[in-house]
Each structure stands twice: as C-alpha cells, then as structure tokens.
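A.B. asks: Protein sequence lines, in the order shown, are assigned to chains A and B.
Just so it is clear: in the first sequence, position 82 is 82 by this note's numbering, and no numbers are missing.
Just so it is clear: in the second sequence, position 70 is 70 by this note's numbering, and no numbers are missing.
These aren't lab readings, by the way, just hints derived from the structure by calculation.
Backbone N, C-alpha and C define an ideal beta-carbon position, used for all residues, glycine too.
You may find that some hints are simply not true.
What the hints assert, rightly or not - A partial selection of chain A residues facing chain B, derived with a Cβ cut-off under 10 Å:
hint: 1; residue: V68
hint: 2; residue: S69
hint: 3; residue: F116
hint: 4; residue: Y128
hint: 5; residue: L180
hint: 6; residue: N208
hint: 7; residue: L286
Claimed, not checked - Once the Cα atoms are required to be at most 30 Å apart in a straight line, the calculated DSS-like pairs of lysine-lysine come out as:
hint: 8; chain 1: B; residue 1: K218; chain 2: A; residue 2: K173
hint: 9; chain 1: A; residue 1: K283; chain 2: B; residue 2: K218
hint: 10; chain 1: A; residue 1: K192; chain 2: B; residue 2: K122
hint: 11; chain 1: A; residue 1: K283; chain 2: A; residue 2: K192
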Amino acid sequence: MIRDTTGEKMFHMINHIFMTLLIVLMIYPFWYIVMYSLSNSKLAAAGGLFLVPKGFSLESYKTMIGNVSFLSGFKVSAIVTVCGTMFATFFTATTAYAISKKRLRARKFFTFLILFTMLFHGGMIPTYLLVKQLGLLDSYLALILPPAIGAWNILVMRSFFVGIPEELEEAAKMDGASDLTVFFRVVLPLSKAVLATVGLFLAVAYWNDFFSTILYITDKNKWALQAVLRDIINNAATTLSSQGISLGFQQEISESTVKMASIVVATLPILMVYPFIQKYFVKGALIGSVKG
Amino acid sequence: MTNGWKSKSKNGSVAGPGLVKDVIRDRYLYLLLLPGLVYLIIFRYVPMYGLVIAFKDYNILMGVMKSPWVGLLQFERLFRGPDFLQILKNTIIISTYKIIWGFPAPIILSLLLNELKNIYFKRFTQTIIYLPHFISWVIFAGIIMIFLNPVDGFVNYVIRTFGGEPVSFLTEPKYFRAILVITDIYKEAGWGTIIYLAAISGVNPSLYEAAVMDGANKFRQMWHITLPSIRPVVIILFILSLGNILEAGFMQIFLLYNPLVMNVGDVIDTYVYRRGIVDASYSLGAAAGLFKSVIALIIIVLANRIVKRFGEDGLW
Chain A
1 MIRDTTGEKM FHMINHIFMT LLIVLMIYPF WYIVMYSLSN SKLAAAGGLF
51 LVPKGFSLES YKTMIGNVSF LSGFKVSAIV TVCGTMFATF FTATTAYAIS
101 KKRLRARKFF TFLILFTMLF HGGMIPTYLL VKQLGLLDSY LALILPPAIG
151 AWNILVMRSF FVGIPEELEE AAKMDGASDL TVFFRVVLPL SKAVLATVGL
201 FLAVAYWNDF FSTILYITDK NKWALQAVLR DIINNAATTL SSQGISLGFQ
251 QEISESTVKM ASIVVATLPI LMVYPFIQKY FVKGALIGSV KG
Chain B
1 MTNGWKSKSK NGSVAGPGLV KDVIRDRYLY LLLLPGLVYL IIFRYVPMYG
51 LVIAFKDYNI LMGVMKSPWV GLLQFERLFR GPDFLQILKN TIIISTYKII
101 WGFPAPIILS LLLNELKNIY FKRFTQTIIY LPHFISWVIF AGIIMIFLNP
151 VDGFVNYVIR TFGGEPVSFL TEPKYFRAIL VITDIYKEAG WGTIIYLAAI
201 SGVNPSLYEA AVMDGANKFR QMWHITLPSI RPVVIILFIL SLGNILEAGF
251 MQIFLLYNPL VMNVGDVIDT YVYRRGIVDA SYSLGAAAGL FKSVIALIII
301 VLANRIVKRF GEDGLW
C-alpha cells in the first residue's frame, strides 16, 4: 500500500476545496433567485446575500401562477413537448432500426444521407421559408416538426439496435414474424433504455426550445413557455399591466420578484425530473459521442 | 457498378444481383425507414436546395423556382455591407476565445474529477455540474441579467460593499465578450466532462502503477499517461469545435445582446436573423447562411485531412 506524499495530500485537499467552490458556484445563483422570489420586494430591493428570504412572501408566486400568458405558455410547451417527444422518438427509432440491419440494400447510401445532415444544412432562412410555404406558421406543428428528427439521435438508437442479438430476431422469424412484428414485439420492448434516453433528450430540447417560437409564431397566445418567460424577464411591468396588475401599487411584489418567480417555476419541471433521469442522459451522451 | 459482387449483397450496397428480391424481402424495413427519410428530405434536404435563393432575388409571390437569378449579387451585397467585416471579426474572435478558454476547461475538470477518491462526493459534484447544461438559455440569460444588474445585481452588490462603483456589465463593450465566454463555460464545461471521463477511465491502471514505481508524481502521471491516452477524443472534439467556428453561440448572444454592445457582439447568425427574417431580406440572409455552412464544411474537411496526415484518426 503506497502512501500519498505530502505533495499529493496537498493536491487532494486543494482539489476538494476547488470542487466544493465549484458546487457552490453552480448552486448559489439559483438559490439566490429562489430566495429573492420568496422575499418581500421592498426588503429585497436593498440587495444582499440572500441566503434566506427577506421577509417571506408568496405573493410573487400567486401573481405568476394565475398569470394568463404564463399559463398559456405552459400549456403550449406541455403539448409540444409531449407530442413532439412521442413523434420524434418513435420515428427516430423506426429509421434507426431500418438502417441498423446490414442486409438492407442501399443501407450505406441511406446512412450517408442521414449523416450528411450533420455536416451541412440549409440554415435559418430556407427552413423558415419552408415552414412558411407549408402553411405551418403559427401552428403547433411548426414547434413540433422542424426540430424533431436528427442524425445524432438516430445514431444513438442505431448503436443500440445493432447490439441486439440476431438470435432473437431469427427465433421470432421462425415463428412466422415479419420485420414489422419483430420490431414492435421484440425489439421495442427490449429498447426501453435507449427509448427513454433519446426521449428525454428530445423532451428537454422541446421544453427549452425558444427560437422556434420566435421564428414561427406571431400570435402571442400561441407562444411557448420560454418565449413568454423571456418576455417577462425583459419587461415584466408591461406584461403584467396588460393584465391589470400595476406593479407600482404593489407592496410585496416588484418586477424583480415576479421575474424570479417565473424563472423558478419554469425551471421546476426540469429540476424535479433531473435527479431521476440523470443517469440516462449521461449514458446517452456517452453512446452518442463514442459512436458518432 | 463493378463486376464480381457476391450474389447476396451483405454490405448494404445498391448494386449487385438480386436487388428486387432483397427489396421485396426487406419491404417492411423500407416501410419503417420511409417516414424518417421523408422527414429528413422535407426538413433537411429541401432547405438545402432552398439555399439557391442565395443566388436569386427571392420574391415571395414568385416562389423559389420562379424568382430571378442574380448570380453572386447577394454575396456582393453581403461582403460589401458596412457591418460585414465587423460581424465576421466578432464571430471569429468570440469563437476563438471560446475555444481557447472553453475547450481545455472540461478536460482539466475531468482530470481533477478523476482524482476524487470519495465516490459519493464525486457523483454529487458531477450531478451538480451537469445541471447548467439542462437549463434553457432563456432562463440562464435571465439569471445572468439579474446577477449583473447595475442597480441591484449581486455582483455589483459585492463591488459596492468593497467600496467600488457599480458597473453595467452587459452594456459595456469591453466586458461583453468575456461575459459570453465565461457563461458559456459555466453552462457547458460540466457536461463536457462526460466523454473525457469515460476516456480517462479506460486507461490501463498498470500504466499508472509502473509510473509510480519509477517515481512519477501526480502531474507527471497526468502529463505522460492520462493526456496522451485521451488524445484521440481530444482531437476529434477539437476538429468539431473548429468546424463550429462560425457559430459563436447564437442563442446566447441573441438573448444577451443589446444595441450598446452590437459592435462587439453581433455575429453572423444574429445578422442573418435581423436582416433575413426581421427585415425579410431572404436572399441576403440565405447568402450569409450559405457562406457560413460552406466555410464550416471546408474547415472540417481540411482539419480532418491535416490530422490524418499527422497519423491520428480523424472524423472519418
């Protein structure tokens, strides 16, 4: 058993201190915002450390949760995320499965077609014009379709499908199964892990997607949550006054507390789900990076 | 194609006898492939074709096909524009800073993480540092703006406590690029450690033991064993970073920039958005986008070739 030298002990100590500082650095900003949002705005306006709320108040949250545009944004984002994730995960899987089969004629060609989209793309303008030409502006589809299927996720799923033993397929085929049956009855049930991984990546992407709204949605009632959030962050006073809430007359809430409450509420879904699914993300990132 | 193919195509090529038979045999596979393929054609390849409007004067009423050709006129307009040089400069400078500071960050972080002996502390740290990657830029930009607020932001609170004058960070050109780089690292460095840690953990432990017996200290071990072992990963990721040099983080900049920092913060994508979408100069925007994509492709191909010439594995 080799003992650490003094120099190594020093290194470990510094490393641990550094990591602890890093953790604080990553957590503190969000903690600050949560505490501020729970504070009485008059007391909070003086600024400060915010380890605990200054004058506890839930008013900001009450204001935001009842807020019409905030709720509408939530609704839009929820619908887009659920539908988009299901749609994209399923069709990514079908595509990935097909090209995972070595016996597929022109497999290399199709794989290249898919991979090429990672190297080169039309860009903002042609994609925008396409969505416009398809008549999808201001529709849910404009938020669901353009980001849906990507080469990266296809590759991740493909790696997984390639790893499924051929014997399983052969056994099913001997029982008279077609490729479709094999896919739905044998492969998919076995693929829960990769479906969950890719699905979660997609869900996060959809939930966080802000730019699609900016590009394709002009009707404010159809804005996704991130766009509503940005609006609130940039000018809470205006947004709220259009709903009859005048911040100037408020005692407990202010532009700042309201903004922060919105941020907290918008982040909650991700934060709540995160600890449980972290391992899926890490695994997915690994597979994608190594194979891709 | 060529002669001498096996009678059953095992390698997924198109040519070779038995094509129709194989297609019929695999018809359900093609069925499964179809929706994704159609999607990619519509949403990825059609826009690629749509880039031709960079060579046209796109008129909405006439559509892509009928709009008149103008050759390189849009590109001339683009390159001769008063801001273009500045925009190109900003894009490259910001990206370069991000590469210089941001590329080593996850590597160093993963080397340090690897040294943590307590597995619970290590896992906890990792959980925390992955988190910013999942926060949307809207939220993160909001947090940044709150913290850097000249009136009641935390950073200025600290400055004032130490007797300094509050600074409006986000509207000062001299701070803007630094803010972009630092916050980008904050958001992504943690997540970036995943792949490096995976590579590091693949290193044969007996190499370390041998080095220790030769009297190597921690830093020598890292320098001579760990780093060279992860070199392939580093190279590939580096090539990809280079290929993205004209990207410069559009979403981040779009959410953080303001008229006061345009001269240092405006990049190609923000320009494309403003002129191409907002001003509806579609052809001009498409030309800028095409310029960006072509350069990115060239860089990646070149970088890949150079790396291979040095004997390393490239991207392909």
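A.B. asks: Each of the hints needs a verdict: does it hold here or not?
C.D. replies: Comparing the hints with the structure gives:
{"no.": "1", "hint": "V68", "result": "19 Å, violated"}
{"no.": "2", "hint": "S69", "result": "14 Å, violated"}
{"no.": "3", "hint": "F116", "result": "9 Å, holds"}
{"no.": "4", "hint": "Y128", "result": "6 Å, holds"}
{"no.": "5", "hint": "L180", "result": "5 Å, holds"}
{"no.": "6", "hint": "N208", "result": "4 Å, holds"}
{"no.": "7", "hint": "L286", "result": "5 Å, holds"}
{"no.": "8", "hint": "K218/B with K173/A", "result": "56 Å, violated"}
{"no.": "9", "hint": "K283/A with K218/B", "result": "29 Å, holds"}
{"no.": "10", "hint": "K192/A with K122/B", "result": "28 Å, holds"}
{"no.": "11", "hint": "K283/A with K192/A", "result": "13 Å, holds"}
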